[in-house]
Amino acid sequence: MLEYDSAKRPPPAIDEFFQLIRYRDLIFLMVESILKNRYKRSVLGVFWMLLNPLLQTIVLSVAFGTMFRPSVPSYAVYLLAGLLAWNFITQTTQYAMSTMAYGGGLLKRIYIPRATYIVAAVGNGLINLIVSIGALFIIVIFLNHSITMAWLFLPVSIMILVVFSLGLALILSTASVFFTDTVDIYQVLIQALFFLTPIMYPPSIFPSELSQFLALNPFVILIEIFRAPIHANHLPDLDLVVKAVSLALITLVAGWVLFTSKADQLAYRL
Amino acid sequence: MPIAYNMENVAIQLNNVTVRFRIPHEKIPTLQEYAIRWLKGRSVSFTDFNALNNVSFSIKQGETVGIIGANGAGKSTLLKVISQVIRPTQGRVFLRGRIAPLLELGAGFDYEMTGRENIFLNGAVLGFSRKDIASRLDRIVEFSGINDFIDAPIRTYSSGMVARLGFAIATDIRPDVLIIDEILSIGDVDFQKKSAARILRYHNDGSTILLVSHNLDSVKNLCNRTIWLEHGSVKMVGYVDDVVAQYSVEMFS
Numbered sequence: 023m024l025e026y027d028s029a030k031r032p033p034p035a036i037d038e039f040f041q042l043i044r045y046r047d048l049i050f051l052m053v054e055s056i057l058k059n060r061y062k063r064s065v066l067g068v069f070w071m072l073l074n075p076l077l078q079t080i081v082l083s084v085a086f087g088t089m090f091r092p093s094v095p096s097y098a099v100y101l102l103a104g105l106l107a108w109n110f111i112t113q114t115t116q117y118a119m120s121t122m123a124y125g126g127g128l129l130k131r132i133y134i135p136r137a138t139y140i141v142a143a144v145g146n147g148l149i150n151l152i153v154s155i156g157a158l159f160i161i162v163i164f165l166n167h168s169i170t171m172a173w174l175f176l177p178v179s180i181m182i183l184v185v186f187s188l189g190l191a192l193i194l195s196t197a198s199v200f201f202t203d204t205v206d207i208y209q210v211l212i213q214a215l216f217f218l219t220p221i222m223y224p225p226s227i228f229p230s231e232l233s234q235f236l237a238l239n240p241f242v243i244l245i246e247i248f249r250a251p252i253h254a255n256h257l258p259d260l261d262l263v264v265k266a267v268s269l270a271l272i273t274l275v276a277g278w279v280l281f282t283s284k285a286d287q288l289a290y291r292l
Numbered sequence: 028m029p030i031a032y033n034m035e036n037v038a039i040q041l042n043n044v045t046v047r048f049r050i051p052h053e054k055i056p057t058l059q060e061y062a063i064r065w066l067k068g069r070s071v072s073f074t075d076f077n078a079l080n081n082v083s084f085s086i087k088q089g090e091t092v093g094i095i096g097a098n099g100a101g102k103s104t105l106l107k108v109i110s111q112v113i114r115p116t117q118g119r120v121f122l123r124g125r126i127a128p129l130l131e132l133g134a135g136f137d138y139e140m141t142g143r144e145n146i147f148l149n150g151a152v153l154g155f156s157r158k159d160i161a162s163r164l165d166r167i168v169e170f171s172g173i174n175d176f177i178d179a180p181i182r183t184y185s186s187g188m189v190a191r192l193g194f195a196i197a198t199d200i201r202p203d204v205l206i207i208d209e210i211l212s213i214g215d216v217d218f219q220k221k222s223a224a225r226i227l228r229y230h231n232d233g234s235t236i237l238l239v240s241h242n243l244d245s246v247k248n249l250c251n252r253t254i255w256l257e258h259g260s261v262k263m264v265g266y267v268d269d270v271v272a273q274y275s276v277e278m279f280s
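Heads up: the sequence lines are chains A and B, in that order. All letters in the first sequence, in the order written, are residues 23 to 292 by the working numbering. All letters in the second sequence, in the order written, are residues 28 to 280 by the working numbering.
Any given hint could turn out to be false.
[Stated by the list, open to error] In silico BS3-like links for lysine-lysine, alpha-carbon gap of 27 Å or less:
(1) Lys58(A) with Lys130(A)
(2) Lys87(B) with Lys30(A)
(3) Lys130(A) with Lys30(A)
(4) Lys158(B) with Lys58(A)
(5) Lys220(B) with Lys262(B)
(6) Lys67(B) with Lys247(B)
(7) Lys87(B) with Lys62(A)
(8) Lys262(B) with Lys247(B)
(9) Lys158(B) with Lys262(B)
[What the hints assert, rightly or not] Stretch-level coverage of chain B by chain A, calculated; a stretch enters the list once three of its residues show a Cβ under 8 Å from a Cβ in chain A:
(10) 57 to 65
(11) 73 to 83
(12) 110 to 116
(13) 136 to 142
(14) 167 to 179
Note that these hints are calculated values from the structure, not bench results. Glycine included, every Cβ here is placed at the ideal spot set by N, Cα and C.
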């Protein structure tokens with residue numbers, strides 16, 4: 023028979039992991055409900071997931087294409103690949119944070135694993151990303167951009183993005199429960215970072231004396247490992263992959279330990 | 028307070044449980060304000076407030092126990108600490124078996140989704156797998172009596188229908204511990220009879236019942252023992268007639 027003994031609890035970081043596995047169906051159902059709700063009342067429904075990145079790419083490549091097209095071949099592919107990775111990281115983390123900060127009421131009413139919302143937000147982002155890669159594929163075909171075996175590296179890039187985003191979402195969600203303005207501060211920060219990250223423009227436009235600052239921006243690495251196989255048709259440099267994997271793992275471990283150690287306070291704070 | 032039962036037939040046991048809330052003197056909800064305060068070198072002062080204070084008791088399997096006390100005595104906190112929503116600051120909470128908090132019927136319902144989808148969602152919130160729910164789906168729908176509307180979004184349901192659905196999901200299999208408030212007044216008279224009968228049957232089959240109520244008559248009618256909470260502490264535990272009598276004297280004199 024099921025037993026709960028508050029005195030005999032495994033360390034929170036381990037306990038939470040096994041609880042999430044026990045409640046895995048809840049995570050799947052939450053992802054399903056997020057997707058269904060989002061597109062339920064729109065005429066085009068799930069097609070928006072495909073249309074959104076396509077339209078975004080058309081708008082931005084019309085607006086900035088003339089400026090960067092000479093230095094970036096297949097500018098639309100470059101742009102969309104970067105945007106997808108960027109949108110995945112930022113939208114997932116923002117969504118996770120806001121559901122925790124504003125919608126965590128359920129955690130006060132009944133026991134569910136504390137990280138359920140956050141994992142579900144990342145799962146939702148992942149589905150969006152995979153569908154958007156379909157849109158990217160359409161553009162690649164349309165522009166006659168070549169497709170090579172380097173595409174096979176994409177699952178690895180996606181895994182790295184997922185691990186990093188989950189870690190960041192855990193850190194930000196913990197912070198947002200304690201300080202509600204984390205949501206706004208993050209919003210401003212990523213807006214600034216968007217322009218400091220080579221997504222719309224090639225990294226080469228940075229003056230060489232400033233390029234070392236570029237290396238301090240973790241998003242640069244994460245976007246590059248996603249974009250290189252698609253746009254440049256080659257595998258990302260090994261040292262870049264090592265950096266990205268370490269960054270992702272460190273972020274996840276830090277986020278997991280921070281979140282689970284504070285999780286007991288969430289029901290008091292929310 | 029002596030704990031008279033051996034652990035073998037214990038359903039719920041609390042040993043010296045304290046739940047402490049930390050209330051800041053000034054509300055500092057934002058990082059910005061926190062940083063300003065920190066730069067000015069002012070620290071944040073707190074008052075500690077014990078919602079539960081050194082609470083100990085033990086409930087046997089199959090008992091029906093009432094919990095009484097004024098507003099703010101700690102009843103809700105007690106239920107939260109038993110149902111694992113919050114963890115005790117100090118002390119130990121022990122619970123054997125699956126708990127069904129009927130105070131939180133339909134937790135996690137998504138009003139845009141259909142009744143059927145919500146059975147799975149709420150079932151998962153209660154810790155059941157999708158497969159498990161699928162095998163019991165027909166029985167749940169049948170008991171809720173929402174047959175014709177089960178594929179309509181529950182925002183179109185009446186509040187009674189939503190509660191009936193929640194009850195049907197939460198009590199489909201016999202929980203070991205049931206938390207109930209007042210007399211269950213879900214849905215129409217027929218459903219009230221049906222739900223009361225189900226709870227009675229579960230009780231006869233060995234489920235423990237915790238009844239939280241301000242209605243002293245219903246506590247007297249249903250419970251063997253009663254716990255009286257006052258300012259977060261156990262004021263009295265004992266046979267229901269004794270506790271209710273004392274409580275009435277103190278409350279109404």
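Consistency of the hints with the structure:
1. Lys58(A) with Lys130(A): holds (25 Å)
2. Lys87(B) with Lys30(A): holds (21 Å)
3. Lys130(A) with Lys30(A): Holds, at roughly 22 Å.
4. Lys158(B) with Lys58(A): Measuring from Cα to Cα gives roughly 21 Å; hence the hint holds.
5. Lys220(B) with Lys262(B): violated (34 Å)
6. Lys67(B) with Lys247(B): With Cα atoms ~58 Å apart, Lys67(B) and Lys247(B) exceed 27 Å; violated.
7. Lys87(B) with Lys62(A): Roughly 49 Å between the alpha carbons, so the hint for Lys87(B) and Lys62(A) is violated.
8. Lys262(B) with Lys247(B): holds (18 Å)
9. Lys158(B) with Lys262(B): Violated, at about 45 Å.
10. 57 to 65: n = 4 at 8 Å, threshold three: holds.
11. 73 to 83: violated (count 0)
12. 110 to 116: holds (count 6)
13. 136 to 142: Answer holds; 3 residues pass the 8 Å Cβ test.
14. 167 to 179: violated (count 0)
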